[in-house]
Amino acid sequence: MLTQEEVSRYSRHLIMPEVGVEGQEKLKAAKVLLIGTGGLGAPVAMYLAAAGVGTIGLVDFDVVDVSNLQRQVIHGTKDIGKKKIDSAEETMRDINPLVKIIKHDVALTSENALDIMRDYDIIADGTDNFPTRFLINDACVLLNKPNVYASIFRFEGQATIFAAEGGPCYRCLYPEPPPPGLVPSCAEGGVLGILPGVVGLIQATEVVKLILGAGEPLIGRLLLYDALAMRFRELKLRKNPECVCATGEMKLIDYDHFCGIVKQPEPPPLVNEIGPKEVKAMIDERKDFILIDVREPHEFQIGRIPTSNLIPLGDLPKRMAELDPNAQYVLHCKMGGRSAKGCDVLRAAGFKRVLNMTGGITAWSEQVDPSVPKY
Amino acid sequence: MAKILIPTPLRQYAEKNNSVDVAAGTVGEALASLTTQFPDLRKNLFNDEGKLRSFVNVYVNDEDIRYLQKDATPVADGDTISIVPSIAGGRC
Ligand SMILES: [Zn+2]
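Heads up: the sequence lines are chains A and D, in that order. Counted the way this note's numbering counts, the first sequence spans residues 1 to 375. Counted the way this note's numbering counts, the second sequence spans residues 1 to 92.
Some hints could be false.
Okay, derived cross-link-like pairs now, BS3-like style, lysine-lysine, Cα gap no bigger than 25 Å in a straight line [unchecked claim]:
(1) LYS78/A with LYS28/A
(2) LYS277/A with LYS374/A
(3) LYS70/D with LYS3/D
(4) LYS352/A with LYS287/A
(5) LYS51/D with LYS145/A
(6) LYS103/A with LYS236/A
(7) LYS70/D with LYS236/A
(8) LYS28/A with LYS82/A
(9) LYS70/D with LYS31/A
(10) LYS318/A with LYS280/A
(11) LYS352/A with LYS280/A
(12) LYS239/A with LYS51/D
(13) LYS236/A with LYS280/A
(14) LYS31/A with LYS78/A
(15) LYS239/A with LYS70/D
Take a look, some chain A residues computed to stay more than 12 Å from chain D by CB distance [unchecked claim]:
(16) ARG12
(17) LYS26
(18) LEU40
(19) THR91
(20) ASP128
(21) THR132
(22) ILE152
(23) GLU176
(24) PRO178
(25) PRO217
(26) LYS236
(27) ILE274
(28) PRO317
(29) MET320
(30) THR358
These are computed hints drawn from the structure, not numbers from a lab. Because the structure is a prediction, the values reported are computed rather than measured. Glycine residues also receive a C-beta, built at the ideal position from the N, C-alpha and C atoms.
Chain A extracted, bound-state conformation (with noise of 0.2 Å):
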């Protein structure tokens, strides 16, 4: 049922036989996910909250820049900084109060990427790298949900709908991505601002059709714009009985590799060591990092530095598990000998970024903060 403030809201789709209150019912139940709210993602998101797609979930973990602006036009000045999806959000919600947004502050993963688009109907790739396409894809296969798909490159760009049922999907097109470097990204290519909103608008168009079952949806057919000679072409688009879409072998794998995208190891860190005076200087500047007390509880009783958490060296191995490998780390003792040591555990258990503070809290007592007692 449409609220009196929906129907006044949504009354030029209400007249239209075409969509109705049965249509604008059916986008009030729909559930969208938007991947990507950049240059894409940004016109299919405001234009499905202003039709009243009652829940529009967004996947983005980028923070906007100024070079966003362009062309992402969901942002604005003031938005600078702030997440994306933050951002995003309060456009959406000024257009559209009555949509539920679901904001999901992570990359896709293989891991996460089921779990996030099991709940949608429908899913609308606005990314900008090949791994992540071909995720997206074989994730639609494998949960059965159409893909309105769009890309763009410089002054052109393509759309379809994937894995729509009995439709191709994206590897029935390209069976792999191009190797690194030979085709060039939109950060390094560059792309006319105005057309992620020409080809955008293309799949919520496409999204919107798909809710209402009606029209012809673009499922089977890639359509090609070029905005320099301002001309569409479309081409025909088959399943491809090989594709493993058809022959029911889909799985999500590892798209890095799948992608030719060796990850570089991180290079040992050079520095293992920092001095008490440069710890201040990081609790100063509020740098993100975590000051590890391996002393035991006693001697912490003492005296202690501010900011730091005790786990006494011989628990480490066994709280391991409460930290995470990736953050920053910076260890103290008494001296700087058994810290050393809760460096090594914690590095031989691949945590890459942990520093042992020379000279233990005694040094920080004669470097930085006299009132700490030596003992």
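Following the hints, complete the assembly by docking chain D with the ligand onto the known chain A.
Same frame as chain A, now just chain D with the ligand:
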């Protein structure tokens, strides 16, 4: 003559042409003629074994040559051959 449409990402290897007219009886001949004229295109279109790369599709008019006769697909005067590489941009 058939017209080969060069997509934006590959124009840099084709002296910025967006289309090239070639005289050819098949798609294979048309692409050979194109890469003879613009040798830099070759490594973007074909792998080391001379096979069309799997992220590049070729269409005669609106039909994918993989579902026609591949390289041997005949081309007639006035046909349009489209080269369509995958592009990934969007969030950027
Ligand atoms: Zn497929």
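Hint-by-hint comparison with the structure:
1. Straight-line distance between C-alpha atoms of LYS78/A and LYS28/A comes to about 30 Å, which puts the hinted pair past the 25 Å bound.
2. With a C-alpha separation of about 17 Å, the suggested pair LYS277/A and LYS374/A falls inside the 25 Å cut-off, and the hint holds.
3. Among the hinted pairs, LYS70/D with LYS3/D is consistent with the structure: their alpha-carbon atoms are about 17 Å apart, no more than 25 Å.
4. Pair hint LYS352/A plus LYS287/A holds up; C-alpha atoms about 17 Å apart against a cutoff of 25 Å.
5. For the proposed pair LYS51/D and LYS145/A, the alpha carbon gap of about 33 Å is over 25 Å, so the pair is violated.
6. Simply put, LYS103/A and LYS236/A have alpha-carbon atoms about 35 Å apart, too far for the 25 Å limit, and the pair is violated.
7. With a CA separation close to 15 Å, the supplied pair LYS70/D and LYS236/A stays within the 25 Å bound.
8. For the suggested pair LYS28/A and LYS82/A, the alpha carbons sit about 29 Å apart, so the restraint of at most 25 Å is broken.
9. Restraint check for LYS70/D and LYS31/A: not satisfied, since their Cα atoms lie roughly 41 Å apart, outside the 25 Å limit.
10. Pair hint LYS318/A plus LYS280/A does not hold up; C-alpha atoms about 28 Å apart against a cutoff of 25 Å.
11. Taking the CA atoms of LYS352/A and LYS280/A, the gap is about 21 Å. The hint holds against a cut of 25 Å.
12. Straight-line distance between C-alpha atoms of LYS239/A and LYS51/D comes to about 21 Å, which keeps the hinted pair within the 25 Å bound.
13. Simply put, LYS236/A and LYS280/A have alpha-carbon atoms about 64 Å apart, too far for the 25 Å limit, and the pair is violated.
14. Taking the CA atoms of LYS31/A and LYS78/A, the gap is about 29 Å. The hint is violated against a cut of 25 Å.
15. Using a Cα cut-off of 25 Å, the hinted pair LYS239/A and LYS70/D holds, with the two alpha carbons roughly 16 Å apart.
16. At roughly 29 Å from the closest C-beta of chain D, the C-beta of ARG12/A stays outside 12 Å, upholding its exclusion from the interface.
17. At roughly 26 Å, the least C-beta separation between LYS26/A and chain D is larger than 12 Å, which holds for a residue marked as non-interface.
18. Non-interface call for LEU40/A relative to chain D: violated, since the shortest CB-CB distance, roughly 4 Å, does not exceed 12 Å.
19. With a least beta-carbon separation of about 17 Å from chain D, THR91/A lies farther than 12 Å from that chain, consistent with its non-interface assignment.
20. With a cut of 12 Å on Cβ distances, ASP128/A falls inside the contact zone with chain D, its closest approach being about 4 Å.
21. A Cβ of chain D approaches the Cβ of THR132/A within 12 Å, the least distance being about 8 Å, so the stated non-interface status is violated.
22. Its beta-carbon lying about 5 Å from the closest one in chain D, ILE152/A breaks the requirement of being farther than 12 Å from that chain.
23. Annotated as non-interface, GLU176/A brings its C-beta within 12 Å of a C-beta of chain D; the closest such distance is 4 Å.
24. The Cβ of PRO178/A sits about 4 Å from the closest Cβ of chain D, inside the 12 Å cut-off, so the non-interface label is violated.
25. Its beta-carbon lying about 17 Å from the closest one in chain D, PRO217/A satisfies the requirement of being farther than 12 Å from that chain.
26. Not every CB of chain D lies more than 12 Å from the CB of LYS236/A, the least distance being 5 Å, so the non-interface label is violated.
27. Non-interface status of ILE274/A relative to chain D is upheld: no Cβ of that chain comes within 12 Å, the nearest being about 37 Å off.
28. Consistency note on PRO317/A: stated as away from chain D, and its beta-carbon is indeed over 12 Å from all of that chain's, at 41 Å minimum.
29. At the 12 Å boundary, the C-beta of MET320/A stays outside the reach of chain D, the nearest C-beta of that chain being 35 Å off.
30. Its beta-carbon lying about 44 Å from the closest one in chain D, THR358/A satisfies the requirement of being farther than 12 Å from that chain.
In this structure, the earlier hints numbered 1, 5, 6, 8, 9, 10, 13, 14, 18, 20, 21, 22, 23, 24, 26 are contradicted, and the remaining ones agree with it.
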